[in-house]
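> Produce the entire structure from the sequences given, and follow the hints as far as they go.
Per full-length UniProt numbering, the sequence shown starts with residue 1, numbered consecutively.
Derived by calculation from the structure, the hints in this document are not laboratory data. Where a beta carbon is used, it is the ideal one built from N, C-alpha and C, also for glycine. Check before you lean on any hint, since a few could be wrong.
[As the list claims (entries may be wrong)] Here are the computed distance ranges between Cβ atoms for each label pair: (1) Q48 to K127: 19 to 29 Å; (2) G60 to K120: 26 to 36 Å; (3) D125 to G60: 33 to 43 Å; (4) K14 to A108: 17 to 27 Å; (5) K124 to G60: 35 to 45 Å; (6) I74 to S111: 14 to 24 Å; (7) E18 to L57: 29 to 39 Å.
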Amino acid sequence: MAKKKKILIVEDDKALVELLSQMFGNKTYSVDLALEIKEGFNKAKKSQPNLILLDILLSGENGFDLLKKLKADIQTKDIPVIILSNLGQEREIKKALELGAVDYMVKADFSLDEVCTKIKTVLKDFKC
1 MAKKKKILIV
11 EDDKALVELL
21 SQMFGNKTYS
31 VDLALEIKEG
41 FNKAKKSQPN
51 LILLDILLSG
61 ENGFDLLKKL
71 KADIQTKDIP
81 VIILSNLGQE
91 REIKKALELG
101 AVDYMVKADF
111 SLDEVCTKIK
121 TVLKDFKC
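Here it is as structure tokens:
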């Protein structure tokens with residue numbers, strides 16, 4: 001049996017995590033969760049996910065710091081990161097893309113179908 005591919009969700013909104021986990025956890029992909037930056041970085045290094053969904057505001061922590069750390073580390077620098085955030089100002093979007101995120105989605109502006117579509121652009125074999 002082929003090894004399952006992984007999506008790591010670094011998010012502290014448990015209701016959103018539950019929705020995403022149910023929608024994206026399937027026979028081909030497994031979903032892992034981290035509620036804070038340190039845990040997210042450690043899980044990314046250990047499990048080498050195929051994609052990371054990252055919130056910017058994590059219980060007082062800054063997801064930009066994790067994005068910088070991921071892109072600076074040789075083990076995690078090539079893992080694609082999609083930002084899912086409540087911050088929707090142009091400067092935050094620009095900063096995330098400059099730091100290496102492959103996409104940025106404002107939570108208030110997206111549906112789960114749109115998240116699925118964005119993931120499919122990164123992970124070609126992904127199915128919702």
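> Determine for every hint whether it applies to the structure shown.
Outcome of the hint check:
Between Q48 and K127 the CB atoms are about 21 Å apart, so this pair conforms to the stated range of 19 to 29 Å. At about 33 Å, the beta-carbon gap between G60 and K120 stays in the expected band of 26 to 36 Å. Distance hint check for D125 and G60: the Cβ-Cβ separation is about 37 Å, which falls inside the suggested range of 33 to 43 Å. For the pair K14 and A108, the beta carbons lie near 18 Å from each other, so the given range of 17 to 27 Å is met.
Under the hint 35 to 45 Å, the C-beta atoms of K124 and G60, about 36 Å apart, fit the expected range. In this structure the hint that I74 and S111 lie 14 to 24 Å apart at CB is violated, the actual value being about 36 Å. Hint check: E18 to L57, Cβ distance near 19 Å, so the stated range 29 to 39 Å is violated.
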